[in-house]
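Reading the sequence shown from the start, the letters are residues 53 to 234 in our numbering.
Keep in mind the hints are simulated off the structure, nothing from the lab.
Fair warning: this is a prediction, and the values are worked out from it, not measured in the lab.
Be a bit skeptical, because a hint or two may be false.
Claimed, not checked - Calculated lysine-lysine pairs in the DSS-like style (CA-CA distance at most 25 Å, straight line): (1) K159 / K59; (2) K128 / K59; (3) K159 / K128.
To be verified - Okay, the calculated beta carbon distance ranges per label pair: (4) R141 / A80: 19 to 29 Å; (5) P172 / S142: 32 to 42 Å; (6) A140 / D166: 10 to 20 Å.
Even for Gly, the Cβ is constructed at its ideal location relative to N, Cα and C.
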Amino acid sequence: MEINLDKVYLGLGTNLGERLDNLAQAIAAIEAIPETRLTAQSSIYETQPRFYTAQPNFLNACVAIETRLSPLDLLKELQAIEYRLGRARSIPNGPRTIDLDILLYGKRVLNEEDLVVPHPGLHTRAFVLVPLAEVMSVTAAELRHPVLERSIPDLLAQLPTDAPDIGWVRKFEQQLESNQAV
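With the hints as constraints, model all of the structure from the sequences given.
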């Protein structure tokens with residue numbers, strides 16, 4: 053009996069150390085997760101920090117994966133990658149070597165103690181929506197936010213452009229060699 057793979061979208065962020073290398077290592081580690089395959093990745097975007105602003109700019113990206121892992125098992129794998137890459141959780145929304153978030157897990161809605169899906173800030177964060185919309189366009193995905201029932205491009209278009217807390221998002225001048233559909 054064939055087990056269906058779930059399509060999952062992950063957000064990646066880094067603003068400490070060799071940021072581009074941090075993303076490359078994280079993506080390689082994601083590709084090595086058992087019963088999981090990377091299907092696409094966005095371009096790399098440089099973004100202004102939000103919430104806690106006294107920190108360096110971030111590099112952000114999104115990847116699409118297919119996995120047989122449960123949401124909580126995937127979360128454990130992602131947290132292990134963060135730990136191996138030196139993630140320290142000392143300041144909420146503060147600087148980090150790597151941050152890996154489950155943004156969407158198919159059409160699932162989860163509200164567990166350790167995991168909320170869709171990611172609760174997804175619809176308000178340009179630094180997530182811009183690369184997510186790009187990776188979804190590469191995969192021709194028409195997935196809608198399962199709670200808000202709106203497409204990712206629609207959520208992005210609805211962000212106020214003049215809100216001071218949205219922050220800027222621009223394509224980073226350097227890119228990883230594998231930034232494309234896999």
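Results for each hint:
1. In summary, the hint linking K159 to K59 is supported, as the alpha carbons are separated by about 9 Å, within the 25 Å threshold.
2. At roughly 17 Å between alpha-carbon atoms, K128 and K59 fall within 25 Å of each other, so this suggested pair holds.
3. A hinted pair counts as satisfied when its Cα atoms are at most 25 Å apart, and K159 with K128 qualifies at roughly 20 Å.
4. Distance hint check: the CB atoms of R141 and A80 are about 23 Å apart, consistent with the given range 19 to 29 Å.
5. Judged by the Cβ atoms, the range 32 to 42 Å given for P172 and S142 is violated: they are separated by roughly 21 Å.
6. For A140 paired with D166, a C-beta distance near 18 Å keeps the hint of 10 to 20 Å intact.
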